[in-house]
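Just so you know, the protein sequences line up as chains S and B, in that order.
All residue numbers for the first sequence refer to the working numbering, where the first residue is 1 and numbers rise by one.
All residue numbers for the second sequence refer to the working numbering, where the first residue is 1001 and numbers rise by one.
These are computed hints drawn from the structure, not numbers from a lab.
Computed from a predicted structure; not experimentally measured.
Possibly wrong hints are sitting among the right ones.
Claimed, not checked - Cut-off 30 Å, straight-line C-alpha distance, at most; resulting in silico cross-link-like pairs (BS3-like, lysine-lysine): (1) 100(S) / 128(S); (2) 85(S) / 1110(B); (3) 11(S) / 53(S); (4) 1059(B) / 1114(B); (5) 53(S) / 1124(B); (6) 1059(B) / 1110(B); (7) 1124(B) / 1114(B); (8) 1059(B) / 1129(B); (9) 155(S) / 1129(B); (10) 1124(B) / 100(S); (11) 1110(B) / 1124(B); (12) 1059(B) / 1124(B); (13) 11(S) / 100(S); (14) 1059(B) / 100(S); (15) 85(S) / 1129(B); (16) 1110(B) / 100(S); (17) 145(S) / 85(S); (18) 85(S) / 100(S); (19) 100(S) / 1129(B); (20) 53(S) / 100(S).
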Amino acid sequence: MPTTATANTTKSPVIAALETSLAESYALLAQTHVAHWNVEGPAFFELHAAFQKQYEELFVAVDDIAERLRALGSLAPGGLTTLAKASSIEELPIEHLPAKDYVAHLIGAHEIVVAAFEKLRNASEEAKDLETQDVAIGRLQVHQKTLWMLRSYLKNL
Amino acid sequence: MDAPQLFEEPVSGPDFTKAHWRLQAAQIVAELFPVVGSEHWDDLLELHQGLLHGADWNKTLDLFLHCRQILEADNYVPFFRLRRLLDASLRLQATFQGGSIGMKSLSLGKLLRKSWPSLSHISKELRRKRFENDLTCGSTDEILLHLVEV
C-alpha cells in the first residue's frame, strides 16, 4: 500500500521568533536610515551622525540574525516586501518633521524590536538553544542601550 | 458581586476599531498620572474620559492641546503617540462662511506638528491665511472647525 509521507511544516517557536526578530530589525534599520537622511533642525549634525552609527550597527546585526536562521537549517526570509509584511513597525511619513519626532518614532521602533528579542530569548531558553539565546541577549543589550540614549536626548533639562 | 461595566468593549467590526484606538489613547494618558504633578491630574482625567467616551471631539482636542502645552516638554513620547492616534482616527473639517463657501478636510497630523494652545487658535490662523489669499473673503468671515471620528 503506498504511503504518503508528509513533511513536518510546523515552524519551531525559535525559528518563528528569529524570523520576526529579523523582520523587525530590518524595518528598524530602514526607518533609522530614513531618519538619518531627512532629519532637520539645530540638532541635525549630532542626530544625522548618531542615526548613521545606529543603522550601520543594524546592518551587521541583520546579517548575523539571518545567518543564525541558516545555521538552524531554515531559509532566511528577505526582500523589502516580504520583510515589511512581517514587521509591525510603522513607517515615517516622508515630510518635514521636527527632529524630536524622528527620535520619538525610533524609540517606538526599538521597543518593538526589544519585544521581539525578548520573545526569542524566552523561546530559546524553553528549547534549550543557548546559542540562539545568546544572540537574543546580545541584541537586547544593544537596543536597551540605544533606547537609553534616545530617551536621554528627549529629556527636558 | 462584580462592579458594573461602565464601558462595553466590542470585539470586532468598525466599533471595535473605534473602541481600540480610544482605549490605546486613554491608556497613554493613564500612564502620565504617576509621572506628572498632582496639579495636572484634573486636566488629564478630563482628557482620559474625553478620549474614552468620544462624546465631543472638539472639546477633547482642546483638552489635548492644553495638556500638551504644559506637559509635552517633559513627556515627549506619550504626546507623540497621542498625536499619531488622533491623526489616524479623527478628521478635521473646516467650514468656510462668507466668500467661497465650502467645506474642506484638513490634515490633523500636519497641524499638530506645531503646538497650538487651542482649537480657536487654529481657526484664527486658518482665517488669517484665507483672508490673505482669497479676495472674496471678508476679514470677519468665520471658519468653523469640526472633528469627526473616522
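Against the structure, the hints come out as follows:
Simply put, residue 100(S) and residue 128(S) have alpha-carbon atoms about 41 Å apart, too far for the 30 Å limit, and the pair is violated. Under the criterion of a C-alpha separation no larger than 30 Å, the hint pairing residue 85(S) with residue 1110(B) is consistent with the structure, at around 27 Å. A hinted pair counts as satisfied when its Cα atoms are at most 30 Å apart, and residue 11(S) with residue 53(S) does not qualify at roughly 34 Å. Restraint check: the Cα-Cα separation between residue 1059(B) and residue 1114(B) comes to about 19 Å, which is no more than 30 Å; the hinted pair holds.
About 44 Å separates the Cα atoms of residue 53(S) and residue 1124(B), which puts this hinted pair outside 30 Å; it is violated. For the suggested pair residue 1059(B) and residue 1110(B), the alpha carbons sit about 20 Å apart, so the restraint of at most 30 Å is met. For the hint linking residue 1124(B) to residue 1114(B), the alpha-carbon distance of about 14 Å falls within 30 Å, and the restraint holds. Restraint check for residue 1059(B) and residue 1129(B): the C-alpha separation of about 24 Å stays at or below 30 Å, so the hint holds.
For the given pair, residue 155(S) sits about 35 Å from residue 1129(B) by alpha-carbon distance, which is inconsistent with the 30 Å threshold. For the hint pairing residue 1124(B) with residue 100(S), the CA-to-CA distance comes to about 27 Å; that is within 30 Å, so the pair holds. The hinted pair formed by residue 1110(B) and residue 1124(B) meets the criterion: a straight-line CA distance of about 17 Å does not exceed 30 Å. Pair hint residue 1059(B) plus residue 1124(B) holds up; C-alpha atoms about 17 Å apart against a cutoff of 30 Å.
Taking the CA atoms of residue 11(S) and residue 100(S), the gap is about 40 Å. The hint is violated against a cut of 30 Å. Using a Cα cut-off of 30 Å, the hinted pair residue 1059(B) and residue 100(S) holds, with the two alpha carbons roughly 27 Å apart. With a C-alpha separation of about 41 Å, the suggested pair residue 85(S) and residue 1129(B) falls outside the 30 Å cut-off, and the hint is violated. Proximity of residue 1110(B) to residue 100(S) is assessed by CA-CA distance (about 15 Å); at most 30 Å being required, the pair is judged to hold.
Of the supplied pair hints, the one linking residue 145(S) and residue 85(S) holds, its CA atoms being roughly 27 Å apart against a limit of 30 Å. Restraint check for residue 85(S) and residue 100(S): satisfied, since their Cα atoms lie roughly 27 Å apart, inside the 30 Å limit. Our distance criterion of 30 Å between C-alpha atoms is met by residue 100(S) and residue 1129(B), whose separation comes to about 27 Å. The suggested pairing of residue 53(S) with residue 100(S) holds, with an alpha-carbon distance near 18 Å, which does not exceed 30 Å.
Hints 1, 3, 5, 9, 13 and 15 from the list above are not met by this structure, while the remaining hints are.
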